[in-house]
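Protein chains in written order, with the working numbering: chain A, 97 to 408; chain B, 10 to 400.
Since the hints were made in silico from the structure, they are not lab data.
Among the hints, erroneous ones may be present.
[What the hints assert, rightly or not] Derived pair list, reagent style SDA-like, types lysine to any residue, alpha-carbon separation capped at 25 Å: (1) LYS120(B) with ALA315(A); (2) LYS252(B) with GLN228(B); (3) LYS157(B) with HIS401(A); (4) LYS302(A) with THR304(B); (5) LYS302(A) with ARG191(A); (6) LYS255(B) with GLU29(B); (7) LYS150(B) with LYS396(A); (8) LYS97(B) with GLY28(B); (9) LYS147(B) with ASN301(A); (10) LYS302(A) with GLN177(B); (11) LYS306(B) with THR294(B); (12) LYS333(B) with THR385(B); (13) LYS302(A) with ALA207(B); (14) LYS299(B) with LYS252(B); (15) LYS111(B) with MET402(A); (16) LYS302(A) with SER76(B); (17) LYS151(B) with ALA315(A); (18) LYS97(B) with GLY41(B); (19) LYS229(B) with LYS44(B); (20) LYS44(B) with ARG14(B); (21) LYS302(A) with LEU208(B); (22) LYS229(B) with ARG89(B); (23) LYS396(A) with LYS252(B); (24) LYS396(A) with LYS111(B); (25) LYS65(B) with THR51(B); (26) LYS316(B) with HIS236(B); (27) LYS309(B) with ASN324(B); (28) LYS302(A) with GLY181(B); (29) LYS302(A) with TYR327(B); (30) LYS302(A) with LEU178(B).
[What the hints assert, rightly or not] Covered, in the sense of this in silico footprint (three residues per stretch, anywhere, with C-beta under 8 Å from a C-beta of chain A), are these stretches of chain B: (31) 114-126; (32) 143-149; (33) 391-397.
Every value quoted in this text rests on a predicted model; they were computed, and no experiment measured them.
Beta carbons: idealized from backbone N, C-alpha and C, even for Gly.
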Amino acid sequence: MARYPALLFETLFMIDSSWLTEFPDMSRRDLLAIRQTLDSAYRTFSRAYGQSIEDFFNPLLHFLIWFEDLLIQTPWWIVLAAIVGLVYAATRSWRLCLGVLASFLAIGYFGMWEDTMRTLSIITVCTILSICIGIPIGILMAGSDRARSIITPLLDIMQTMPAFVYLIPVVMLLGIGKIPGVIAVVIYAIPPVIRLTNLGIRLVNKETLEAATAYGATATQRLFGVQIPLAMPTIMAGINQTIMMALAMVVVASMIGVKGLGQPVLKSITNQYFTLGLLNGLAIVALAIIFDRVSQTYAKRAQRHMEGNDNG
Amino acid sequence: MDNNRETLIEIEGLYQIFGEEPNDVLPQVKAGASKEDVLAETGHTVGLRDINLTIKRGEIFVIMGLSGSGKSTLIRHFNRLIDPTAGKIKVDGENIMALSPKELITFRRHKMAMVFQHFGLMPHRNVVDNVGYGLSIKGEKKTDWVPKATQWLDTVGLAGYEEQYPSQLSGGQQQRVGLARALCTDAEILLMDEAFSALDPLIRSEMQEQLIELQENLQKTIIFITHDLDEALRLGDRIAVLKDGKLVQIGTPVDIMLRPADDYVKAFASDVNRARALSVQTVMTPSTEKLDANTVKEAKANFPQDKEYVFVFNNEGYQGVLTKEQATTLDDESPLKDALHPVPSVRKANLLQKVIPLSLNTRFDLPVVNKAGELTGRLEARKLADVLSPS
Ligand SMILES: Nc1ncnc2c1ncn2[C@@H]1O[C@H](COP(=O)(O)OP(=O)(O)O)[C@@H](O)[C@H]1O
Ligand SMILES: [Mg+2]
């Protein structure tokens, strides 16, 4: 009896022992078959629905083009005045306005005005899209543990999957251009705003929320009157991170035909133009710093009464 | 306390069990398993077990117990912030467990207001917007509720703070805002969950006094939670003592002090300086028997024959005490004022320690008058002595 297991082991061992030294992977032929099936299925899908999906995104494309043209074709000093005006309205800080003015003047002086406007337009659109899609998803997540347990791993994948990988199906579906660029940027940049909306709402002081309920607030009144306002500092931090990540995607997006500051950088890499790369890189950095400071100052100004409160 | 006030809230056989499957655990709890056993065997926490109580219209009903005894859990059932595992809750004869979600919102908007331990104010709304919150979510126009909110702020002593934000106020001020917010809705029932526990002793005592004074005019039904017997005795018309989710005694402050139901209550009660803990309202005998008179002649004509002495009032309020003997011997034309004994009046909210010397200085009962100067009761020296002598 006692010998039986050993015997069995020996038999198995003798039949085929290669799995001990080499991973028992599937045969190349099987793998190829899987790849071919999936690829061709996707290709059929994109052939069947590519057009309608493209139509779906058409209004967005028109808006993108319109906005970019607006920024580029309006005389530079009007655009600059508008930007500085916006910054002042949001922050009430002359120092920041001065910094913004100087940065944009330098950018223009070094001949990067048009590219900067293109980048500015696509980043603005991507940020607005991320906010419009991300905040409702974050709210959904905060309201249901089930939704959270489904969405969290998806966000993890979106943030860790190399951008090039999800560019492939997007490009297969929609070709090269602005829309695939926007989709790629949004996929990469949207997780922080979702995560922090969820977090901010979950961290809202329990007693304050209870007070709203006790006084007879409906779910909608609680959401818009208490949860979102109190979560705002956290949501703003998420938006800020989203903008930063969108800017970080500028170069990658330029690989699929998004014009702007990314393309000269790409060109500099392939041709080893150090100065060109550096200048455009600095312009991206300047945009990032401006977005960051302005959004943070705005957030602080809007939330100045909440200091010292548990919702931080 | 007159006992014939009508019942406003009724709770019957209320159980609350926290955990995944409370209904499976309920029979075990009903059979009497202890909180520890239930937790060890099933992982469920017994929050409340078999709570039965009735609260009368217009009283201050205090629920007292140590931390973790289930006070917050219990008070959250009154407006259904928590739904019970089993049991009935009736408010004004209406079974509130049967309310639809929509009806529940209406019920919360009109029937009850709540004050929270850590104030529960909205940091992004200024003080006046906080006070008007209840009215604003009802859909009342801002131009209508701002004057009301301002008025209530004035009542709680915060006039001029309308535009401030909660973070700019001290704890005591924040809780006054919380109180004003509750009063502003005109709800008949006030739920106060350890409303004064987070405040410094001095501020706390001020707030207690303010609450008693407000209550004199408002006559709300107040359910007040505290872990502090001093506070319970001072505020409560009746007190319910909660231990491990179970009611161990319901009674008047004097009942709790003089006739504790078990050792748990006794331990609480023995720790208390009664003169500092009890207020006049717990000892006084409600009565409105007085003599309205401006002249000796009137006083003689209206003197109640069955009384040895009376409290004399005129349109300026309380004047003094007139004895039967005086009423028969006085000269009709002499000024009434000179004949009266200058017995001081006291207020419901006064602590006993303040009125003991007054009572010792006179052979008469002390009249209890309210803010408006009307007689609401009498304080008898014998009762005072009864309450103060250790049992
Ligand atoms: N949501 C909950 N889930 C599980 N246990 C709870 C919950 N709320 C309260 N409890 C438990 O119920 C008991 C009573 O709590 P609580 O009503 O807050 O006490 P108190 O207000 O008297 O300090 C405690 O043992 C507490 O741990
Ligand atoms: Mg509590």
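Going through the hints against the structure:
For the hint linking LYS120(B) to ALA315(A), the alpha-carbon distance of about 19 Å falls within 25 Å, and the restraint holds. With a CA separation close to 29 Å, the supplied pair LYS252(B) and GLN228(B) exceeds the 25 Å bound. Annotation: proposed proximity of LYS157(B) to HIS401(A) holds, straight-line Cα distance about 24 Å (limit 25 Å). Only pairs whose Cα atoms come within 25 Å are accepted, and LYS302(A) paired with THR304(B) is rejected, the gap being roughly 63 Å.
A distance of roughly 39 Å separates the Cα atoms of LYS302(A) and ARG191(A); the hinted pair therefore is violated under the 25 Å criterion. Proximity of LYS255(B) to GLU29(B) is assessed by CA-CA distance (about 22 Å); at most 25 Å being required, the pair is judged to hold. In summary, the hint linking LYS150(B) to LYS396(A) is not supported, as the alpha carbons are separated by about 30 Å, beyond the 25 Å threshold. As the CA atoms of LYS97(B) and GLY28(B) are separated by approximately 20 Å, the hinted pair is consistent with the 25 Å bound.
Restraint check for LYS147(B) and ASN301(A): satisfied, since their Cα atoms lie roughly 22 Å apart, inside the 25 Å limit. Restraint check for LYS302(A) and GLN177(B): satisfied, since their Cα atoms lie roughly 21 Å apart, inside the 25 Å limit. Under the criterion of a C-alpha separation no larger than 25 Å, the hint pairing LYS306(B) with THR294(B) is inconsistent with the structure, at around 29 Å. At most 25 Å may separate the alpha-carbon atoms for a hinted pair to count; LYS333(B) and THR385(B) meet this at roughly 22 Å.
Our distance criterion of 25 Å between C-alpha atoms is met by LYS302(A) and ALA207(B), whose separation comes to about 17 Å. Between LYS299(B) and LYS252(B) the alpha-carbon distance is near 44 Å, which puts this suggested pair outside the 25 Å criterion. The suggested pairing of LYS111(B) with MET402(A) is violated, with an alpha-carbon distance near 32 Å, which exceeds 25 Å. Of the supplied pair hints, the one linking LYS302(A) and SER76(B) holds, its CA atoms being roughly 19 Å apart against a limit of 25 Å.
Only pairs whose Cα atoms come within 25 Å are accepted, and LYS151(B) paired with ALA315(A) is accepted, the gap being roughly 21 Å. For the proposed pair LYS97(B) and GLY41(B), the alpha carbon gap of about 20 Å is at most 25 Å, so the pair holds. Taking the CA atoms of LYS229(B) and LYS44(B), the gap is about 35 Å. The hint is violated against a cut of 25 Å. Only pairs whose Cα atoms come within 25 Å are accepted, and LYS44(B) paired with ARG14(B) is rejected, the gap being roughly 36 Å.
Straight-line distance between C-alpha atoms of LYS302(A) and LEU208(B) comes to about 20 Å, which keeps the hinted pair within the 25 Å bound. Between the alpha carbons of LYS229(B) and ARG89(B) the distance comes to roughly 20 Å, so the proposed pair stays at or under 25 Å and holds. With a C-alpha separation of about 46 Å, the suggested pairing of LYS396(A) with LYS252(B) is violated against the 25 Å cut-off. Restraint check: the Cα-Cα separation between LYS396(A) and LYS111(B) comes to about 37 Å, which exceeds 25 Å; the hinted pair is violated.
A C-alpha spacing of about 37 Å is found between LYS65(B) and THR51(B), which places the hinted pair above 25 Å, so the restraint is violated. For the given pair, LYS316(B) sits about 43 Å from HIS236(B) by alpha-carbon distance, which is inconsistent with the 25 Å threshold. A threshold of 25 Å between alpha carbons decides the hint, and for LYS309(B) with ASN324(B) the separation of about 18 Å falls inside it, so the pair holds. For the hint pairing LYS302(A) with GLY181(B), the CA-to-CA distance comes to about 20 Å; that is within 25 Å, so the pair holds.
Of the supplied pair hints, the one linking LYS302(A) and TYR327(B) is violated, its CA atoms being roughly 49 Å apart against a limit of 25 Å. Distance check on the hinted pair: LYS302(A) and LEU178(B) sit about 20 Å apart at the alpha-carbon level, within 25 Å; holds. As drawn, the stretch 114-126 of chain B meets chain A at 11 residues by the rule of a beta-carbon pair under 8 Å; at three or more, the given contact holds. Closer than 8 Å: that is the beta-carbon criterion, and the stretch 143-149 of chain B has 3 residues meeting it against chain A, so the requirement of 3 holds.
Here's how the stretch 391-397 of chain B fares: 0 of its residues keep a CB closer than 8 Å to some CB of chain A, so the rule of at least three is not met and the hint is violated.
Hints 2, 4, 5, 7, 11, 14, 15, 19, 20, 23, 24, 25, 26, 29, 33 from the list above are not met by this structure, while the remaining hints are.
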